[in-house]
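Residue numbers (full-length UniProt numbering), protein chains in the order written: chain A, 1 to 391; chain B, 1 to 391.
Keep in mind the hints are simulated off the structure, nothing from the lab. Please note that a few of the clues may not be correct.
All copies of an identical chain are treated as equivalent in the list; a pair is satisfied when it fits inside any one copy or across any two copies.
To be verified - Subject to a maximum C-alpha distance of 27 Å in a straight line, what follows is the list of computed DSS-like cross-link-like pairs (lysine-lysine):
hint	residue 1	residue 2
1	318	21
2	82	313
3	318	230
4	21	309
5	313	169
6	281	21
7	2	313
8	17	313
9	309	112
2 protein chains.
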Amino acid sequence: MKIAILGFGTVGKGVYKIIKKANVQTQDLSVSHILIRKNKARLMPEMTDDMNEILNDSQTEVVVEAIGGIEPAHEYILAALKHGKHVITANKAVIARYLKEFTEAADQHNVKFYFEASVGGGIPWIQGLEKALRIDNVNSISGIFNGTSNFILDQMSRNGESFIDVLKKAQQLGYAEADPSADIDGIDVANKLCISADIAYDIDIHDHQNLPIFGIRNITCADVKYFQAKGLAVKLIGRTHQKGNKFDYVVEPTLFLDRTLEANTPDNYNLISLNGDTIGKLDFFGQGAGMFPTANAVVQDVLDIKESKSHLKRDFNKKLEYCPELTKGDYLVRSNVNVKDLFADFQPSVEGSYLAVHQIPVGKMHQLMRTVLQKDAAAFMVSLPSQGAVA
Amino acid sequence: MKIAILGFGTVGKGVYKIIKKANVQTQDLSVSHILIRKNKARLMPEMTDDMNEILNDSQTEVVVEAIGGIEPAHEYILAALKHGKHVITANKAVIARYLKEFTEAADQHNVKFYFEASVGGGIPWIQGLEKALRIDNVNSISGIFNGTSNFILDQMSRNGESFIDVLKKAQQLGYAEADPSADIDGIDVANKLCISADIAYDIDIHDHQNLPIFGIRNITCADVKYFQAKGLAVKLIGRTHQKGNKFDYVVEPTLFLDRTLEANTPDNYNLISLNGDTIGKLDFFGQGAGMFPTANAVVQDVLDIKESKSHLKRDFNKKLEYCPELTKGDYLVRSNVNVKDLFADFQPSVEGSYLAVHQIPVGKMHQLMRTVLQKDAAAFMVSLPSQGAVA
Chain A
1 MKIAILGFGT VGKGVYKIIK KANVQTQDLS VSHILIRKNK ARLMPEMTDD MNEILNDSQT
61 EVVVEAIGGI EPAHEYILAA LKHGKHVITA NKAVIARYLK EFTEAADQHN VKFYFEASVG
121 GGIPWIQGLE KALRIDNVNS ISGIFNGTSN FILDQMSRNG ESFIDVLKKA QQLGYAEADP
181 SADIDGIDVA NKLCISADIA YDIDIHDHQN LPIFGIRNIT CADVKYFQAK GLAVKLIGRT
241 HQKGNKFDYV VEPTLFLDRT LEANTPDNYN LISLNGDTIG KLDFFGQGAG MFPTANAVVQ
301 DVLDIKESKS HLKRDFNKKL EYCPELTKGD YLVRSNVNVK DLFADFQPSV EGSYLAVHQI
361 PVGKMHQLMR TVLQKDAAAF MVSLPSQGAV A
Chain B
1 MKIAILGFGT VGKGVYKIIK KANVQTQDLS VSHILIRKNK ARLMPEMTDD MNEILNDSQT
61 EVVVEAIGGI EPAHEYILAA LKHGKHVITA NKAVIARYLK EFTEAADQHN VKFYFEASVG
121 GGIPWIQGLE KALRIDNVNS ISGIFNGTSN FILDQMSRNG ESFIDVLKKA QQLGYAEADP
181 SADIDGIDVA NKLCISADIA YDIDIHDHQN LPIFGIRNIT CADVKYFQAK GLAVKLIGRT
241 HQKGNKFDYV VEPTLFLDRT LEANTPDNYN LISLNGDTIG KLDFFGQGAG MFPTANAVVQ
301 DVLDIKESKS HLKRDFNKKL EYCPELTKGD YLVRSNVNVK DLFADFQPSV EGSYLAVHQI
361 PVGKMHQLMR TVLQKDAAAF MVSLPSQGAV A
């Protein structure tokens, strides 16, 4: 089975290395092309900068998209599907936006679109979710979806280092991009939560711009120390619930008691949990990033196609309404301006250098926090442990 | 697809309940028979005490064995396979001993023998291992395979309770059997490690009687407190390595530094890790026991059969030699008789109320420990953190 790899970064290289391995050779997989940028040195015979060469090669059955970002990834994936090639990608940003379009194109051209590696990296999360859905309704999903932000928060709590110092370290280690925004502002988590909710509820969110997302950019050593003193650890959490024909969806820093699984998820690990009506809570834990865990998941998708092991069929046509009031929560807000009046309806009380806000709808909280940020760009908020906080 | 359930304990009931659920109904699964013991009240129409009724019912395609133990489970599984029925079981004891025989019988009669739930309960461990083996050599496996013993050790360290008090609590909670031996003496771990090694190395261990297995029966509050003071947590670990044509295999209490994943595996959770030549370490974490996590895994196997999703093919014919010297370790030994001379070759040194033994081959350590136990039936040993200790 001949495979074309688009892009030769961490994931692309990892996939190439695994496919070159003996065991996989016996599965007779081979790399026919590696798409590189125009005017980039063609260091290997498989390398080309011409996407049409790949699209028009009838021998190439599978395209692994490892470019990342929205365009040209979106354009290339669609083109490959329309040329009757199976497509596998770990690109959460493009999937979150175009999952339904890709799925429809794959169906029309009778090929597969698989993306196990896009959420949870090396953790078989998508597969675990799809398997649970074979026999149960999944009514909530919650977890630590982003390894980089977890690494940063873990280091801050272990060594009392500042956010900016740890971020630099993460960038040196290759955990964080030069532009870390997607990781630290919760965009990456939002994309992964989008994909997970689309599958769990069979819906098409495709745009989370107006959904409540708050990252960890503004967290300080003092915040982390204060939480630790209370026996709490802070984690960047994505979570969603479904109830009747409504769902909610949020990405925000959340506090967990010291002995919880979430508090003890170290380094760049992920922990994702689902709740089924009958089967209850299932936890998925492991390395959420890294060359080989991720590339392994991509190659597993290739082998599923080769062995024609089909994944769960979804059409993403169900209509659920996003409801910003579906869950309420308690929060701590840190701001150098007095914002007590803003939260007057939610029994605000001073707690250390924070304003404690009680039983506020999650959507409302994030809306008011946008107002706070206009007055104090360094303001921070964190959700307190509560039923809502864990799936 | 009609399913017969043998036995109506925790797993059998869980499978029955899940199959009665709407979602699964749409997959048209139904329970044709529930095999109960002779002279037991037939409370439900599906119940029978006649195995032949099941074997001779051509409508019943799948048999779920949920009796547990070796016989008659072994006899019934073989009979079902020979009558052309697919068999699914979570019974680690019978699989550890007869995996090869069951696999051959299934092949001969062109049916499937699946057992995902037998190791790791709700964790898709077998599947994860089989997937890794599609593309890589797995050279080591290590982890917390038994939820009951982990619950006991976790409670002892959290609340300083005695082994016997926590054991009683575990029995009340239904975590531990009336005869807890399989859980606390490491037999259950040994069975699960057997199954995992058989699959990983494509061998047939089938008898671990002479393999090094040491449980937690003799651990005391004082032991746990002493380890805690050193920043260490004790866990009952099963682990195996492969090197060339040799493998080792051990079940023993092992110490882990406070911040490791193992140390932070709470309650009755399991954590199993594999190491692949190329893909490196993959961790599998979750609920290792419980009605629904386990029953869910069983029903997933049923659906794999229904959707003819075949699992990895193994014939268990490879010949690897068990080598008791493949790994060496450092140990602490507690005994009320002086056994220093016994360990003279391994730089024994007194450490608190323990004898520290250094760089001793694992097989040798367990052999000498048998001698120690003859002199002091309450003696205890624990392996110190080392490369060998984590896969």
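Mind listing which of the numbered hints don't hold for this structure, in increasing order?
-> 3, 5
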